[in-house]
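*Asks:* Chain A is fixed; fit chain B onto it per the hints.
Protein chains: 2
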Amino acid sequence: MTTMTNRQWLLSRRPEGAVKPDDFRLEGGPVPVPDDGDVLVRTLYFGYDASQRIWLTENGGYMKPIGIGEPMRCMGIGQVVESRLPGYAPGDLVEGFLAWQDYVIARADGPMPLRKLPNSSYPVSWNLGIFGVGGLTAYFGVVEGLKVRAGDTVVISAATGATGYVAGAIAKILGAKKVIGIAGGPEKCRWVIEKAGFDACIDYKSDDIGARLQELAPEGVNAYFDNVGGPMLETLLYAMAPLGRVLICGAMSTGYTDAFKDPGPKNYMLICTKQLTMQGILLFFHADRIPQGAQQLGQWVAEGKLPVFEHVVDGFEHAPALLPTLFSGKEPGKLLLKVADPQ
Amino acid sequence: MTTMTNRQWLLSRRPEGAVKPDDFRLEGGPVPVPDDGDVLVRTLYFGYDASQRIWLTENGGYMKPIGIGEPMRCMGIGQVVESRLPGYAPGDLVEGFLAWQDYVIARADGPMPLRKLPNSSYPVSWNLGIFGVGGLTAYFGVVEGLKVRAGDTVVISAATGATGYVAGAIAKILGAKKVIGIAGGPEKCRWVIEKAGFDACIDYKSDDIGARLQELAPEGVNAYFDNVGGPMLETLLYAMAPLGRVLICGAMSTGYTDAFKDPGPKNYMLICTKQLTMQGILLFFHADRIPQGAQQLGQWVAEGKLPVFEHVVDGFEHAPALLPTLFSGKEPGKLLLKVADPQ
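Sequence order for the protein chains is A and B. By the count of my numbering, the first sequence reaches residue 345 at its end, each step adding exactly one. By the count of my numbering, the second sequence reaches residue 345 at its end, each step adding exactly one.
Okay, chain A solo, but in the shape it has when bound (with noise of 0.2 Å):
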């Protein structure tokens, strides 16, 4: 058997605080052959999500840790090379876990089962974005854990997110009476409102985001789909309408670089008083529906009611130095890094 070159890059150390590059190595391996129920994958694009930095970490917390020496986990796309798995044949296009390598192992098993992607016109990247994990979570977010309806008034932090700013054009399109965005800095505010078609923004960097609050959304927040956590989920529990509904969905605003060990609200026992309901979202729990969030997405997007936006970089060598920048958030939409064509 031919020895082909596999590049990976893996984690040589667990990193501190923020991430950085030379958390990662860079090495070369054999193909990895496939067993019974594996599919041999070349990988495509690498997806990049808040929940890597949780992976990171000593205690994973709901996933296994990556461990010294390993390959990076991603929600990739590739494409098949051989399979020893039914239903799956060379050449198909797939979605899942896979990690920042040439070649990876994948079964159809586990919580978020390896994915075959349909035959489509719009770019394969999409998979990764409006219609991978973002802008699903958003939708069984937005649908199912806000149950936003007409009339709410709707806030969401990191608005400009791969998450983000799905969440916002769903919640105009359930008939939301305002969709009020939180991001950081006055262009980032103008591109939520004019090309996310948010109603408002709210510039965390220089606004009182409660005084703002009082003043976009004077009968009290509805719904607020909470990425970011820290003080900011504090002021919304203050924001809030009686019987308002939080969704958990990220804590941007920790780095993940601790997870669990957050600080919570101080001020929780608002959801008693005014009885909130909070709500978590993980994509795992909704994996049997993905086909179905992901045609009304599809939908969606056709009749061109919601914006498809992604940041694409390409090239394998750039793995790694592309994590931190998600945090920093400097594009808007989906962060993905390209790192082959199909065949």
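Just so you know, the hints here were simulated from the structure itself, not pulled from any lab data. Incorrect hints may appear among the rest.
Same chains, same names: a pair is fine if it fits in one copy or spans any two.
Stated by the list, open to error - Below are the DSS-like pairs computed for lysine-lysine, each with C-alpha atoms no more than 27 Å apart in a straight line:
1. Lys118 x Lys307
2. Lys66 x Lys263
3. Lys263 x Lys207
4. Lys268 x Lys22
5. Lys118 x Lys180
6. Lys66 x Lys268
7. Lys174 x Lys149
8. Lys207 x Lys268
9. Lys332 x Lys197
10. Lys307 x Lys197
11. Lys207 x Lys149
12. Lys118 x Lys149
13. Lys207 x Lys340
*Replies:* Frame of chain A, contents of chain B only:
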């Protein structure tokens, strides 16, 4: 007009930390005169609720804080002496927001309107306990908040309390597989099992709660009725099963001395990664359905499925001294002060 004596317990200073009897002072005054829309009520029973401690903080939160020199507010039962409100007549028994006074002016509006009590064969005091705030909060909390269903493993903290023990009994009625209480000391734990009918009880004073939960609920907790907050809430978040439900009803561990400044659960991001639902309960939001809830509770009591426990102390003069004992929680069930007999 004759001036009758109207004894009143007034707030003499804002309590710091635990409430003390001498935070109140006894005064006498004339019986107030009802205005249009008012009823003059002679008080019979004062109920004791943890929320009274919240009303005593400057930042009273969900109700106007009680001012220095003002009478202490309570949920209570009284008898109408004079009515200038249609539908209420002298002699009627009523329940609602009263105060530590012999005579109180009450109104039918507000978040919890004065409730006219039905003629009944059971003791009138039950309208403050099993058919009052405690029982009704347990009812709406377990049925609508936690949505307890057959097969659930349910945990209830402060399980000897007027709300806690009822919540456990209702969870059993709804078919919960296992109902686990948390209480302080072996005597209370025995009471929770033998008198209140729970399946098990964890002694927070001597047990490792997390370890005991792993033994008692190895597949995780489906529903947690939280009356305690603090570190116990964090322990429960770790113990929750995926998709579990948490009801935020109280935070007894804090003593409510500094409302809405309690440390929130540090591991609240487990709400996201286990897709938990954390919901509050405040009876205000169910006020229109209180008769319906009370009727269902009454049926369960009549069928012998729901036990009634109350601890009644006699004598107006004990009103302030009884309040701190609510937090030490020596006596299981509803804590009441009887101040007069109906006429």
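*Asks:* Under a CA distance limit of 27 Å, which applies to Lys118 and Lys149: within one copy, between copies, both, or neither?
*Replies:* So Lys118 and Lys149 fail the 27 Å test inside a copy (29 Å) and across (37 Å) alike.
*Asks:* At most 27 Å between C-alpha atoms: does Lys268 with Lys22 qualify within a copy, between copies, both, or neither?
*Replies:* between (31 Å within a copy, 26 Å between copies)
*Asks:* Pop the pair Lys174 and Lys149 into one bin, within, between, both or neither, using alpha-carbon distances up to 27 Å.
*Replies:* within (13 Å within a copy, 30 Å between copies)
*Asks:* Within a copy, between copies, both or neither: which one fits Lys332 and Lys197 at a CA-CA cutoff of 27 Å?
*Replies:* within (15 Å within a copy, 61 Å between copies)
*Asks:* First find the shortest C-alpha distance between Lys66 and Lys263 inside one copy, then the shortest across copies, and answer within, between, both or neither for a cut-off of 27 Å.
*Replies:* Cα proximity of Lys66 and Lys263: one copy only (18 Å, versus 35 Å across).
*Asks:* Using 27 Å as the alpha-carbon threshold, which applies to Lys66 and Lys268: within, between, both, or neither?
*Replies:* between (30 Å within a copy, 21 Å between copies)
*Asks:* For the identical chains here, do Lys207 and Lys340 meet the 27 Å Cα criterion within one copy, between copies, both, or neither?
*Replies:* neither (32 Å within a copy, 57 Å between copies)
*Asks:* Classify it for me, Lys118 with Lys307: is the Cα-Cα distance of at most 27 Å met within a copy, between copies, both or neither?
*Replies:* within (26 Å within a copy, 53 Å between copies)
*Asks:* Check Lys207 against Lys149 for me: Cα-Cα at most 27 Å, and say if that holds within a copy, between copies, both or neither.
*Replies:* Neither. Shortest intra-copy (29 Å) and inter-copy (41 Å) distances fail the 27 Å Cα cut-off.
*Asks:* Up to 27 Å between alpha-carbons, please classify Lys307 paired with Lys197: within, between, both or neither.
*Replies:* within (12 Å within a copy, 59 Å between copies)
*Asks:* Should Lys207 paired with Lys268 be assigned to within, between, both, or neither, using CA atoms and 27 Å as the limit?
*Replies:* Answer is both: 22 Å inside a copy and 25 Å across each meet the 27 Å cutoff.
*Asks:* For the identical chains here, do Lys118 and Lys180 meet the 27 Å Cα criterion within one copy, between copies, both, or neither?
*Replies:* Neither: 37 Å inside a copy, 41 Å across copies.
Hint compliance for this structure: hints 5, 11, 12, 13 are not met, and every other hint is.
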